[in-house]
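Enquirer: Here is how the chains run, residue by residue.
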Amino acid sequence: MRRLLHLGAVASLATVLASALAAVLAWRYGETILPFAVTSAMPQDGGVADGVYTNAYFGLSYPLPKGFGEGLAGPDPSQSGYYVLANLVAQAGGAGTILIAAQDTFFDKPHRDLAEAASEVRDTMAQIEGMSIDREPAEIAIGRRPASRPAWRVDFNGVGLYRAMIMTEMRCHLLSITLTARDPQERETLAQSLDRVSLTARRDPPVCIRDYAGGDQLVHKVAPTDIMPSRTPIPARIIIGSDGVVRHVHVIRATNAQRKGIEDVLRQWRFKPHTINGRAVEVETGLALRSGGGKVTSTD
Amino acid sequence: MAKRTFASACSLASMSAILVASVSLPSLAPAQGRGPTDPGVRGGAAGAGDPITGLSATERAFFEAAKDVFAETDGVPDGLGPRFNLDSCLGCHSQPASGGSAPAVNPQVAVATLLGARNTLPSFITANGPVREARFVRNPDGSPDGGVHALFVITGRSDAPGCSIAQPNFAAELSRNNVVFRIPTPTFGLGLVESTPDSALEASLAANSQQKRALGISGRFNHNGNDGTIARFGWKAQNKSLLLFSGEAYNVEIGVTNDLFPSEREGNAACQFNHTHPESPTPLESEGGASPSAGFQSDIALFAAFMRLLAPPTPASATAAVAAASPSSTTTGSTVVASAGSVLPAAAGTTSTATTSSTTSTSATVDRGRQVFANVGCAACHTRTQRSGGANVAALSNVTFEPYSDFAVHDMGDRLADGVSQGEANGREFRTAPLWGVGQRIFFLHDGRTKDLGEAIAQHASRGSEANQVIQNYNALSVDDRQAVLNFLRSL
Numbered sequence: 000m001r002r003l004l005h006l007g008a009v010a011s012l013a014t015v016l017a018s019a020l021a022a023v024l025a026w027r028y029g030e031t032i033l034p035f036a037v038t039s040a041m042p043q044d045g046g047v048a049d050g051v052y053t054n055a056y057f058g059l060s061y062p063l064p065k066g067f068g069e070g071l072a073g074p075d076p077s078q079s080g081y082y083v084l085a086n087l088v089a090q091a092g093g094a095g096t097i098l099i100a101a102q103d104t105f106f107d108k109p110h111r112d113l114a115e116a117a118s119e120v121r122d123t124m125a126q127i128e129g130m131s132i133d134r135e136p137a138e139i140a141i142g143r144r145p146a147s148r149p150a151w152r153v154d155f156n157g158v159g160l161y162r163a164m165i166m167t168e169m170r171c172h173l174l175s176i177t178l179t180a181r182d183p184q185e186r187e188t189l190a191q192s193l194d195r196v197s198l199t200a201r202r203d204p205p206v207c208i209r210d211y212a213g214g215d216q217l218v219h220k221v222a223p224t225d226i227m228p229s230r231t232p233i234p235a236r237i238i239i240g241s242d243g244v245v246r247h248v249h250v251i252r253a254t255n256a257q258r259k260g261i262e263d264v265l266r267q268w269r270f271k272p273h274t275i276n277g278r279a280v281e282v283e284t285g286l287a288l289r290s291g292g293g294k295v296t297s298t299d
Numbered sequence: 000m001a002k003r004t005f006a007s008a009c010s011l012a013s014m015s016a017i018l019v020a021s022v023s024l025p026s027l028a029p030a031q032g033r034g035p036t037d038p039g040v041r042g043g044a045a046g047a048g049d050p051i052t053g054l055s056a057t058e059r060a061f062f063e064a065a066k067d068v069f070a071e072t073d074g075v076p077d078g079l080g081p082r083f084n085l086d087s088c089l090g091c092h093s094q095p096a097s098g099g100s101a102p103a104v105n106p107q108v109a110v111a112t113l114l115g116a117r118n119t120l121p122s123f124i125t126a127n128g129p130v131r132e133a134r135f136v137r138n139p140d141g142s143p144d145g146g147v148h149a150l151f152v153i154t155g156r157s158d159a160p161g162c163s164i165a166q167p168n169f170a171a172e173l174s175r176n177n178v179v180f181r182i183p184t185p186t187f188g189l190g191l192v193e194s195t196p197d198s199a200l201e202a203s204l205a206a207n208s209q210q211k212r213a214l215g216i217s218g219r220f221n222h223n224g225n226d227g228t229i230a231r232f233g234w235k236a237q238n239k240s241l242l243l244f245s246g247e248a249y250n251v252e253i254g255v256t257n258d259l260f261p262s263e264r265e266g267n268a269a270c271q272f273n274h275t276h277p278e279s280p281t282p283l284e285s286e287g288g289a290s291p292s293a294g295f296q297s298d299i300a301l302f303a304a305f306m307r308l309l310a311p312p313t314p315a316s317a318t319a320a321v322a323a324a325s326p327s328s329t330t331t332g333s334t335v336v337a338s339a340g341s342v343l344p345a346a347a348g349t350t351s352t353a354t355t356s357s358t359t360s361t362s363a364t365v366d367r368g369r370q371v372f373a374n375v376g377c378a379a380c381h382t383r384t385q386r387s388g389g390a391n392v393a394a395l396s397n398v399t400f401e402p403y404s405d406f407a408v409h410d411m412g413d414r415l416a417d418g419v420s421q422g423e424a425n426g427r428e429f430r431t432a433p434l435w436g437v438g439q440r441i442f443f444l445h446d447g448r449t450k451d452l453g454e455a456i457a458q459h460a461s462r463g464s465e466a467n468q469v470i471q472n473y474n475a476l477s478v479d480d481r482q483a484v485l486n487f488l489r490s491l
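Read top to bottom, the protein sequences are chains A and B.
Numbering-wise, numbering that gives the first Met the number 0 puts 258 at position 259 of the first sequence, and it's gapless, one number per residue.
Numbering-wise, numbering that gives the first Met the number 0 puts 240 at position 241 of the second sequence, and it's gapless, one number per residue.
The set of hints was computed from the structure by calculation and includes no laboratory data.
Treat the hints with care, since some could be wrong.
What the hints assert, rightly or not - Only part of the chain A face toward chain B is listed, based on derived beta-carbon distances under 10 angstroms:
{"no.": "1", "residue": "Gln78"}
{"no.": "2", "residue": "Asp107"}
{"no.": "3", "residue": "Arg111"}
{"no.": "4", "residue": "Leu113"}
Stated by the list, open to error - Residues of chain A clear of chain B, computed beta-carbon distances all greater than 10 angstroms:
{"no.": "5", "residue": "Arg144"}
{"no.": "6", "residue": "Leu217"}
{"no.": "7", "residue": "Asp263"}
{"no.": "8", "residue": "Pro272"}
Every residue, glycine too, gets a C-beta built ideally from N, C-alpha and C.
Based on the sequences and whatever the hints tell you, model everything.
Expert: Here it is, written out as structure tokens:
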């Protein structure tokens, strides 16, 4: 246990250092190339240090509003690839909460674009008894220039809680930031704090391709034979190098035994290199694994 | 050593969770000192325990026959034991009517020494506490256990001469933090739940996914390991059907072997007094009675039928009209002030100390509470409506009902985690408890740790819980709005 904690601390430290480096580079140069250690980060690896929430996977650095810190941690990643990345709350002398979450788009129903996702949020909230829409879905930008990113925002309120949901797409995820305050001005103050977000991006991020692992591109597959019986598909995300070799495996939700077995076999899979304009590129994709004869399917 | 380490880790984890909660939760709590007060168990008519409306005369006769068997007390000659938690279904499921949940006076206290039995009452069983079963988290070798360890044995009972077996050493297991508890779940309206197609539950869970996304909620179903369909009964949605639920409870809680669970859990031959196996099989000849069909049914089939045909609880808005018309119901022995138009007459003998107008439960505050409940996000999991599919019993067929549950399991965080895995539900996950009838329930949460609705709500928040954002929203409300939520819940 102590050894595990030690290793965990080292890993966390490495992530924090890499994040800090990325943040510094982003501050200095805007968009930058992240070091390899950051490439292998997991979506849930973010955290708050010195009043700044950083997440290496998403290349996100967010100096929190004054007085804010981490609240109760959320649950582990879900079966459908949903993450509670951060629950940020006013520690003293203020009010409001900021929930940063991400939905893996490989395991969600496909949206045409952010506008459609925002519209769906708006319609869902409008159906709740007593909820009012304060601001129709509209495109905004979040983050410091020049690396700001398009996002969509919708505001709503009910029973004295004023909320805004801001959504953007990053690394094959729908990233959402939900602001909750007791009055519209507080909500706006929280929204303005998002202007301080720094977004860094790899110059050549993996291409997101849904269902890629289930197609003809897969040239060598080893079935996971030792995963525990499970009727529920086990979600996993892989990054395939430009040479077709699996570079990174992230089993999103599974038991430790399942995780180990799946990681071992997925690293043996080989793909045809994916090319864009004749140039081989990295691919990021999701797949759902089911037990029962080691059947492996792509996302469904 | 491994167990001690585990126990120590549990203690540390619990302490950490409490510390984290105590540090983090106040950040959104309103500054006001006075908080809302649980109005207490709703008095007036039970509003539960009757058959579902629309049964044919034959079906009603079947229900009544099944209800009688549900109420029967078993002795050793009937199959009780050798290890058991209670001697009847009704004993556990009686509040506020047959089929409900744990009553105010725990019948386990009396049964411990009934007919000369020499059981030591475990410390977690008290006269005014909830009916409980006990599960051990781990086996002595440290491997996962999770199973029920019956509280009592038949040793010493006059109907069990010569049997000498010992109770589990609960004190020792408690000292190792190895014991977790479950209380009975109410069974009202479960025929509608059983008749709801998987596709309807899946669609319902997906329908408000955007709201959940804004609240940090996901949730998933506990699927049956054999056929892959959705299981939905029990605290972790671990049981697939009412028949399975009945068969398991008959064996595990009362100790009666049956067609689904034909093996005795205690192998001591000196304690086997009913030499038929199973002890409660499907009869091959009718046992007579008002319902010829029921006469051919096994006990577990009748238990299942009783639960299947039980009506959902009737919320206060309907019963209150009756209660309000009665002069004796407008004021009660409790201190809850029931004003004109009150829909929540307090149960006599409840311990609520609410005396202010904010705890007066008018229909207006109930309506407001329903709205608040939906707005802050409680209803994202405690989904108000579901719809059954086609059923053999017409009264159960294609009915929209209001269980206030999505029947999915959710990570409930450190404070509620019990470390017991059942099916696909892990040691932190629990089914969204249906809230219909919660107004007349005495004990809350899976282990009955509180009688206070406000405390039950607070327990939803801790490290790792899917409910954290919702509880933060709730804590940010005015006292009046939080009171309205409690009033609304007590109206159900």
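Enquirer: Hint by hint, note whether the structure agrees.
Expert: Structure-based check of each hint:
1. Because the beta carbon of Gln78(A) sits about 5 angstroms from the nearest beta carbon in chain B, less than 10 angstroms, this interface hint is met.
2. Interface restraint check for Asp107(A): the shortest CB-CB distance to chain B comes to about 8 angstroms, inside 10 angstroms, so the restraint holds.
3. Interface restraint check: Arg111(A) against chain B, minimum CB-CB distance 15 angstroms, threshold 10 angstroms, status violated.
4. Residue-level restraint check for Leu113(A) is violated (minimum Cβ-Cβ distance to chain B is 13 angstroms; threshold 10 angstroms).
5. In this structure Arg144(A) is separated from chain B by more than 10 angstroms, as the shortest Cβ-Cβ distance comes to about 27 angstroms.
6. The Cβ of Leu217(A) lies farther than 10 angstroms from every Cβ of chain B, with a closest approach of about 25 angstroms, so its non-interface assignment holds.
7. No Cβ of chain B comes within 10 angstroms of the Cβ of Asp263(A); the nearest lies about 23 angstroms off, and the non-interface call holds.
8. For Pro272(A), the condition that its CB be more than 10 angstroms from all CB atoms of chain B holds, with the nearest at approximately 35 angstroms.
Consistency with the previously given hints fails for numbers 3, 4, ordered from lowest to highest.
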